[in-house]
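There are 2 protein chains.
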Amino acid sequence: MSFEILKSHKTFGGKTIFCEHQSNATKTVMKFSAFLPKEKEKIANAIIWLSGLTCNEENFITKAGAQKFLKDSNTMIICPDTSPRGIGAPGEDESYDFGTGAGFYVNATTDGYKENYQMYDYIVKDVVELLKDGFGVSNIAITGHSMGGHGALVIGLRNPDIFSSVSAFSPIVNPVECPWGKKALSGYLGDKIEDWKAYDSCELIEKGARHEKTLLIEQGLADEFYKDQLLTDNLADLCDRVGQSFKVNYREGYDHSYYFISSFIEDHIKFHQSNF
Amino acid sequence: MSFEILKSHKTFGGKTIFCEHQSNATKTVMKFSAFLPKEKEKIANAIIWLSGLTCNEENFITKAGAQKFLKDSNTMIICPDTSPRGIGAPGEDESYDFGTGAGFYVNATTDGYKENYQMYDYIVKDVVELLKDGFGVSNIAITGHSMGGHGALVIGLRNPDIFSSVSAFSPIVNPVECPWGKKALSGYLGDKIEDWKAYDSCELIEKGARHEKTLLIEQGLADEFYKDQLLTDNLADLCDRVGQSFKVNYREGYDHSYYFISSFIEDHIKFHQSNF
Numbered sequence: 006m007s008f009e010i011l012k013s014h015k016t017f018g019g020k021t022i023f024c025e026h027q028s029n030a031t032k033t034v035m036k037f038s039a040f041l042p043k044e045k046e047k048i049a050n051a052i053i054w055l056s057g058l059t060c061n062e063e064n065f066i067t068k069a070g071a072q073k074f075l076k077d078s079n080t081m082i083i084c085p086d087t088s089p090r091g092i093g094a095p096g097e098d099e100s101y102d103f104g105t106g107a108g109f110y111v112n113a114t115t116d117g118y119k120e121n122y123q124m125y126d127y128i129v130k131d132v133v134e135l136l137k138d139g140f141g142v143s144n145i146a147i148t149g150h151s152m153g154g155h156g157a158l159v160i161g162l163r164n165p166d167i168f169s170s171v172s173a174f175s176p177i178v179n180p181v182e183c184p185w186g187k188k189a190l191s192g193y194l195g196d197k198i199e200d201w202k203a204y205d206s207c208e209l210i211e212k213g214a215r216h217e218k219t220l221l222i223e224q225g226l227a228d229e230f231y232k233d234q235l236l237t238d239n240l241a242d243l244c245d246r247v248g249q250s251f252k253v254n255y256r257e258g259y260d261h262s263y264y265f266i267s268s269f270i271e272d273h274i275k276f277h278q279s280n281f
Numbered sequence: 006m007s008f009e010i011l012k013s014h015k016t017f018g019g020k021t022i023f024c025e026h027q028s029n030a031t032k033t034v035m036k037f038s039a040f041l042p043k044e045k046e047k048i049a050n051a052i053i054w055l056s057g058l059t060c061n062e063e064n065f066i067t068k069a070g071a072q073k074f075l076k077d078s079n080t081m082i083i084c085p086d087t088s089p090r091g092i093g094a095p096g097e098d099e100s101y102d103f104g105t106g107a108g109f110y111v112n113a114t115t116d117g118y119k120e121n122y123q124m125y126d127y128i129v130k131d132v133v134e135l136l137k138d139g140f141g142v143s144n145i146a147i148t149g150h151s152m153g154g155h156g157a158l159v160i161g162l163r164n165p166d167i168f169s170s171v172s173a174f175s176p177i178v179n180p181v182e183c184p185w186g187k188k189a190l191s192g193y194l195g196d197k198i199e200d201w202k203a204y205d206s207c208e209l210i211e212k213g214a215r216h217e218k219t220l221l222i223e224q225g226l227a228d229e230f231y232k233d234q235l236l237t238d239n240l241a242d243l244c245d246r247v248g249q250s251f252k253v254n255y256r257e258g259y260d261h262s263y264y265f266i267s268s269f270i271e272d273h274i275k276f277h278q279s280n281f
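First to last, the sequence lines map onto chains A and B.
Our numbering puts the first residue of the first sequence at 6, with every later residue one more than the last.
Our numbering puts the first residue of the second sequence at 6, with every later residue one more than the last.
Bound-form chain A, shown alone:
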């Protein structure tokens, strides 16, 4: 799977790149950013970062300060865009939490969306192939924020053979039960709630999905979305009950922003590196 580098910025001795490629899954050109710690060395490991609502491929790589913690390692990070763009689907640009910038990492089945909004396949197939064939990576971990934390948990739990470890910042853990999730899943998958459950980390674990490594979750206690949208405790209680190893770090005073992510990204990078 080939890709084109649109911009490259030397950063901490490595390079931050902005790229695009033709996606088989979405049938569109998709953009991503990445940080490669050393230009000359072969890179063994990759972390996929899935961003949240309204984000594109730029937010994390610009704001999280992750390069500093990867610069001397053999680990790259890749940040895909969060949806196809400009396909003209009905209602695509009418709200911040559906359509453009809000792909929710599902394979859509509804009219207007099913042709291109195949974000689950985009990550699991295209981005994984890109990492293996395009960047020569052997081991892949997955993480993300909010909607992207949901994506990381769902994709990691459904593909434990592909993703060596899974973590999330402020994830939507139980979208079937929260307003953001209900809106997106009904819009992309239709009205049958059974169909939504393949994209809900709590429902997946309830039905037996497991990851052999600990699920690491970072959750700010001053996060305005914690109680109504993220429902972190639902996942924690469930993992406890069924024996899925997990760790939720509840962080006093931290909110939903990239200032929170930047404060703890080093811990998540080290966590994934310890599991490669």
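Derived by calculation from the structure, the hints in this document are not laboratory data.
There may be inaccurate statements among the hints.
Lysine-lysine pairs mimicking DSBU-like chemistry, simulated, CA-CA at most 30 Å apart [claimed, not checked]: (1) B:275 / A:275; (2) B:252 / A:43; (3) A:68 / B:275; (4) A:47 / B:68; (5) B:68 / A:275; (6) A:275 / B:20; (7) B:20 / A:232; (8) B:275 / A:20; (9) B:76 / A:43; (10) B:119 / A:68; (11) A:68 / B:36; (12) B:12 / A:68; (13) B:275 / A:76; (14) A:252 / B:275; (15) B:76 / A:76; (16) B:232 / A:20; (17) B:20 / A:252; (18) B:252 / A:20; (19) B:20 / A:68; (20) B:232 / A:43.
The following residues of chain B were derived to be distant from chain A, with all beta-carbon distances above 12 Å [said to hold, decoys possible]: (21) 10; (22) 13; (23) 18; (24) 32; (25) 72; (26) 114; (27) 167; (28) 238; (29) 251; (30) 265.
Among chain B residues calculated to face chain A with C-beta under 8 Å, some are [said to hold, decoys possible]: (31) 117; (32) 259; (33) 260.
Glycine residues also receive a C-beta, built at the ideal position from the N, C-alpha and C atoms.
Given the structure of chain A, go ahead and fit chain B onto it with the hints provided.
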């Protein structure tokens, strides 16, 4: 000098704040951001960061990753906006390199600008007073990027009693001689080149201005503005000739972006901390 906190985000155990206050110099409400490493302790030291063209108070605090390097220290950083906004001056919003977002840290004398575009006084008087009275800081260093690097050099060289040390990333060192500088200085100060020289670090040093500490400059060699706008070598040659201590770190492969700044901001923080 009082100020209002508009937003506060816990970051690395401290807080990133976005604020506004009434400026005596610009006669407008001005915005700034800051990072305070520890909420409870009195903060002894501050670094002023002056941003470049098109920037506002957000760019540095969001993109540079400086919080990580200040979190365990007794040093805050403050990032003022780069111009008054929305005053309705003629041509204020017609180009990226003059007017809004392009105050050049001068006290304007031209019609339409002289009432509010008093950015030199804003930094030297209002921001300094804000740090001393509002935040209780004792020692102040100054740095910045591009247009803000120019501002830091000029303001630091003209006020060595106020600013304990001076550094800059990719500064416009000789604005009297470059297109950006000629456009801005003529627009803010009129056609007499003699009047521009009070805002040109090379002209100031030529006329005897000195700082007892080393001027530290970071310059990327892949910076597209290096040869035509920044003129770094003019300052280096001059400092060498007149005996002003300086150090220019020319960095192979680095460009003019925040990816460059983030890669070396730790060195500049340590430099200023060693001079408090």
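(message) Please list, smallest to largest, the hint numbers that this structure does not respect.
(response) Violated hints: 10, 14, 22, 23, 25, 30 and 31; rest satisfied.
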